[in-house]
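Peer 1: Below, each chain spelled out in residue letters.
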Amino acid sequence: MGTSVQVTPLCGVYNENPLSYLVSIDDFNFLIDCGWHDHFDPTILQPLSKVASTIDAVLLSYPDTLHLGALPYAVKQLGLSAPVFTTEPTYRLGLLTMYDQYLSRKQVSDFDLFTLDDIDSAFQKVTRLTYSQNHHLSGKGEGIVIAPHVAGHLLGGTVWKITKDGEDVIYAVDLNHRKERHLNGTVLASFVRPAVLITDAYNALNNQPYRRGEKENEFGETIKKTLGAGGNVLLPVDTAGRVFELILILEQYWTDKSLNYPIFFLTYVASSTIDYVKSFLEWMSDSIAKSFEQNRENPFLLKNVTFLINKSELDNAPDGPKVVIASMASLEVGFSHDIFVEWASDAKNLVLFTERGQFATLARILQADPPPKAVKVAMSKRVPLVGEELIAYEEEQNRIKKEETLKATLIKEETKASHGADIDASDPMVVDVSNTHALPDVAGPHGGGYRDILIDGFVPSSTSVAPMFPFYENTFEWDDFGEVINPDDYVIKDEDMDQTGMHVGGYLDAKFDEGSTSMMLDTKPSKVVSNELTVQVKCLLIYMDFEGRSDGRSIKSILSHVAPLKLVLVHGSAEATEHLKQHCLKHVCPHVYAPHIEETIDVTSDLCAYKVQLSEKLMSNVLFKKLGDYEIAWVDAEVAKTDGGTLSLNPCSTTAPPHKSVLVGDLKMADFKQFLASKGIQVEFAGGALRCGEYVTIRKVGDASQKGGASGPQQILIEGPLCEDYYKIRDYLYSQFFLL
Amino acid sequence: MASTGPLQPLKRRDSSATREDDQLIIIPLGAGNEVGRSCVYMSYKGKTVLFDCGIHLAYSGMAALPYFDEIDPSMIDVLLITHFHLDHAASLPYFLEKTTFKGRVFMTYPTKAIYKLLLTDYVKVSKVSVEDMLFNEQDINRSMDKIEVIDFHQTVEVNGIRFWCYTAGHVLGAAMFMVDIAGVRVLYTGDYSREEDRHLRAAETPLFSPDVCIIESTYGVRQHQPQHVREKRFTDVIHTTISEGGRVLIPVFALGRAQELLLILDEYWSTHPELQNIPIYYASPLAKRCLSVYETYLHSMNDRIRSKHAAKSNPFVFKYISPIKSIENFKDVGPSVVMASPGGLQSGLSRQLFDMWCSDRKNACVLPGYLVEGTLAKTIINEPKEVTLMNGLTAPLNMQVHNISFSAHADSAQTSAFLEELLPNNIILVHGEAKEMGRLKQKLIGQFADRNVKIFNPKNCQSVEMYFNSQKMAKTIGRLGERTPEVGETVSGLLVKKGFTYQIMAPDDLHIFSQLSTANITQRITIPYAGAFSVLNHRLKQIFESVESSTDEESGIPMLRVHERVTVKQDSEKLISLHWSSDPVSDMVSDSIVALVVNINREIPKVVVEAEAIKTEEENGKKVEKVIYALLVSLFGDVKAGENGKLVITVDGNVAELDKQSGDVVSENEGLKERIRTAFQRIQSAVKPIPLSAS
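Those protein sequences? They're chains A and B, same order as listed.
Mapping to the numbering used here: the first sequence position 457 is 457, numbers consecutive.
Mapping to the numbering used here: the second sequence position 488 is 488, numbers consecutive.
Just so you know, not all the hints are guaranteed correct.
No farther apart than 30 Å at their CA atoms in a straight line, the calculated lysine-lysine pairs in the DSSO-like style are these [said to hold, decoys possible]: (1) B:Lys640 / A:Lys617; (2) A:Lys626 / B:Lys47; (3) A:Lys140 / B:Lys472; (4) A:Lys626 / B:Lys232; (5) B:Lys435 / A:Lys660; (6) B:Lys146 / A:Lys641; (7) A:Lys641 / B:Lys475; (8) A:Lys611 / B:Lys472; (9) A:Lys290 / B:Lys574; (10) A:Lys728 / B:Lys574; (11) A:Lys179 / A:Lys224; (12) B:Lys47 / A:Lys660; (13) B:Lys102 / A:Lys626; (14) B:Lys47 / A:Lys625; (15) A:Lys611 / B:Lys47; (16) B:Lys288 / B:Lys232; (17) A:Lys617 / B:Lys497; (18) A:Lys626 / B:Lys472.
FYI, nobody ran anything at the bench for these hints, they're computed from the structure.
Let the hints inform the model, and build the full structure from the sequences given.
Peer 2: And the structure:
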């Protein structure tokens, strides 16, 4: 029997919830994607929490919240400890996405599901792979090979191919088969006949025809019109996803039309995002790679776009029409939320959505048709504590500090068995601490630091009477030749150079510049004030599809081309899932599954196989015929055992019984028509059959469109009266096949 | 086999073509017992790979090329370039544009970007006559379209050749290629270094042990000084010279190590404020152009650079180093440090400066790279009294000359350690001077004495041949694979080969496991026939062994089934129709039926005389004998009748006896025996009457 494969959705089936699936291959548990939504509701992670500790490896496919948002939380709270695999851009942009989410959240709420450190430690588990890199797992997963492949849609987006014993399990969601400005199309179509394909039904019902040039032009026109009329344009986007495509489109449009309206890209991590993207050229489209190789033109050296990491910078920008690209796309939190509230009431402004909002978010509500006249939004703000609250906070903090110090000293006391007077001696220092802390502006971000130094450094030794700085006397040993030397002091250390270099580093320094704003928040006493207000939506709301996902029709044709032996559908509304399931049952393969949450389905292939060795003797008698990538031959062989105990095939000792001849080839009627026409035969299609010459007809019998396991060989019928044409056409027909 | 070089033996082996097929041939077309023009040819199982395509820096024109005449460029499937240095990549435009090569070329992203800049510069600065030019700028631009890119670790498959690359250290984008053809792995290191420096990662150790390792031996058995010692010597020499009022010339190759030296100098200057008024010049517009490449492909560099980038400081923006374009822009006033290309002092700015400064005792020249045989740099290291200037005059050589090697090639210790980890069965040394290479070979022979490792150091065009007895394994799948057969049973099915994997399957499963599909063609032909259907029945029975008559269940019209293959139906009084499913035998049967029907239509039926039939049978027997004999003669030539009706076949002195009745063959030569038996089986099935059971 083949490799055992089980799929259990943990989230994101029959709806548009975040994606998270458990795929077990011979009892090795892969968690593929670990998504969360912009509401960060822990209840949807319930199924994940049950299995998190049993996971052996995590595979991430895209750098957005829906695909990896829950990773820090799962590592911190749910006991997920497996290694994580993803591509370099997914790792880096995913990290930035999570920073941005955290900082946006922290700004408006007492967000405590995970911290920046949790994000860092979760992402430190990541092993980065390049596209088409075959990574061999070791240990429990011995024999399993994983490889990321180009998926399109987002930078670093991945189609995962998991191979064991020659059987492929492919996970491919949110694909885009079209080449875009910054990305290549997916290579999914190059995989044929995988044992299992897991894909999404998200776009199954969306059959928007695609015209890139027109669409981009319309996009530019719409923005230009609003700007021309003195309005502002808000483009709500995700931190590091589709925004790169939009930026490139705008850059190009601005250059072509020589516009000089300012464009701002505003997220908490905007400038590092672009910095990193600049060095990800090898992950982008061929045309970008080419233009860099030829002319060293980096398309992300932007001329018209300014990066901001702070809303005050935007407020300081000169008045007048502008375009602001801001996170998050859901409008739930982040700068986009605040800007929307500010701009919504002005009819001149435009909010241009480029992707469908997540379910039940403000963006989704606004995308309804017709759009709502007014929406209720929660406005929250983090304000520094003042007056009584501040005093109360400080007292509280002092109390905590005091208790801690007390505890610390008590412990020390126990271990050192020191005098009781010490407690009194340390008291003045504690007072000192609270004094520094009462002046938050002075203490600034270093408040914590001071505290540590003061407490740690100032614990007087048990023998001293009064507190004093620690002082150590250096004693020298002497012998007959002078001071005794330690030879180790004189060894030149090889690493010296390394250290000087490394000091600058600090692995995740990137966050500090953007993070510093919130670092302040963390240390400065502050609180969240929220109120709900109703915003009159007077501004123009437009939705244009720049999601970069393949449309339903293309998905269907890709699926029938890939023709998996078994197909698992996930992620997509219930209707879309059902629709695609019915379609695939009819046209792709007979085994289509659409499991519910926590429903385990077994997609173990019922493939039977055994291995044999082909003896040299046999091979020297085999005549291969070449058919595209394949070479094919008929063999009759006798089974024998080799010395090693494996089966081998030798030539038959007796003449093999004649076998039924096999015609191999795929006849496309339209192509054949062309072929006949080129041979000077009159051909036309009539009633589903191909009429060749005057009398002969050729037709295909049965449903030939289905490529899956259910259908048999093609049935072709040729009929006609006895005449020369008949034999001529039959010969042409034969020439389309290989006879074995 | 693709290669027909004169040094390659062309003798045919008796033991059939399969052994030829298992032969792996490696021929250095350049860099065999020399440094320069790297180019290694490899061929196995009819697949051909060429590694690198460089020129020799000490020669010019056609003489600098590798020995391309030895091979047929049109047979090469894949050409892999390890890094952008001229001795590894500079004959590529020539090879792509001026030969019959039509395979695919791969290199890494940084290599491709720098390749273009570097070669364009090379074409501009090389001072050779037009007819000696191997290629021009257009050739380079055209070659860019043909070059494909590969990322580190990315696996690519071309024509059944799978390959991927590992970080090699050495320079930005340098790669080691691992090629896998039908399970035999060959690692080509190119130039590599196992030492991490200021910006590059050390060479990786591949996860798999290769069967063959083609490895550079530039430094032979020499050992590098530790990194910090070299750096100290380097900075000390510069510091002393400057403080004594001298000038320092550092001739470097424009790209690669130069960036490392700049990082060292910039760091040294920043820690020594007293030097900060001494200018450092870097005279290479090319390097300036390449800077954006260095800034972009940071992911190919080490963590130190990447974390600096993360901390928002561009490590390649230097504080104390200023670029100069040419000697005209250079104001030679007082002490200075100038880094200039080329590294071998052949011509260009470094040579101009050398000519200016060489006679002053205060000045110093620091040679940081590997010194190629035949260049001025190699000459002055032996401190001759006089040197010839570019204008032909001689001048005394008074400046101090230091050779402090920063070239990122593996030294003896690194090579030993690397091979110890890899444990390849075969080691082929390339890219090293003959003497050094010989010493390294001796050292490695000692190191691997107790293990079965073969070590070769072929000269240019000298081929190394190895045999890999790869066993072909097939997977029997689908319906055929439902039950594992016992010994002695037969397995019949389609053998499908894709790349180097084999699968055996039933014809009905073909469309499930491959993109191929099978088809049935049903034929229906109508023939006018006015005679009685029973006449047809009678006539058919005279010819065919099996004719069954019945009536069609639906329409009730009479029909005949001939040989269980072809159905003859009487559609109407005037028409009969033939139905059958296409295959060669059925087509033949139907053709004879058609001929018969046409005959009946044309003439009055004749009664066949019985005697004739018997005679025919006898004649047939003789005819068959004759045909078999004639066919065997045409196949094997010398065929004589032997005893007991046996045939004696002699081919090249090998004798075989064939029993015509049983088909048994007796011969001492297995190959011949097998061939005769197969031929006889085929002949027999061609002349024998159609068996009834054939369905």
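Peer 1: Give a verdict on every hint.
Peer 2: Do the hints match the structure? See the list:
1. B:Lys640 / A:Lys617: Between Lys640 (chain B) and Lys617 (chain A) the Cα gap is close to 27 Å, so the pair holds against 30 Å.
2. A:Lys626 / B:Lys47: 16 Å, holds
3. A:Lys140 / B:Lys472: With a Cα-Cα distance of about 29 Å, the restraint between Lys140 (chain A) and Lys472 (chain B) holds, given a limit of 30 Å.
4. A:Lys626 / B:Lys232: 64 Å, violated
5. B:Lys435 / A:Lys660: This hinted pair is violated, its Cα atoms lying about 66 Å apart.
6. B:Lys146 / A:Lys641: 49 Å, violated
7. A:Lys641 / B:Lys475: This hinted pair holds, its Cα atoms lying about 15 Å apart.
8. A:Lys611 / B:Lys472: It holds: about 10 Å lies between the C-alpha atoms, which stays within 30 Å.
9. A:Lys290 / B:Lys574: 72 Å, violated
10. A:Lys728 / B:Lys574: Within the cut-off at roughly 25 Å; holds.
11. A:Lys179 / A:Lys224: Judged against 30 Å, a Cα distance of about 26 Å means the pair holds.
12. B:Lys47 / A:Lys660: Roughly 35 Å separates the two Cα atoms, so the pair is violated.
13. B:Lys102 / A:Lys626: 21 Å, holds
14. B:Lys47 / A:Lys625: 18 Å, holds
15. A:Lys611 / B:Lys47: 25 Å, holds
16. B:Lys288 / B:Lys232: 27 Å, holds
17. A:Lys617 / B:Lys497: 17 Å, holds
18. A:Lys626 / B:Lys472: 18 Å, holds
Against the hints set out earlier in the document, violations occur for numbers 4, 5, 6, 9 and 12.
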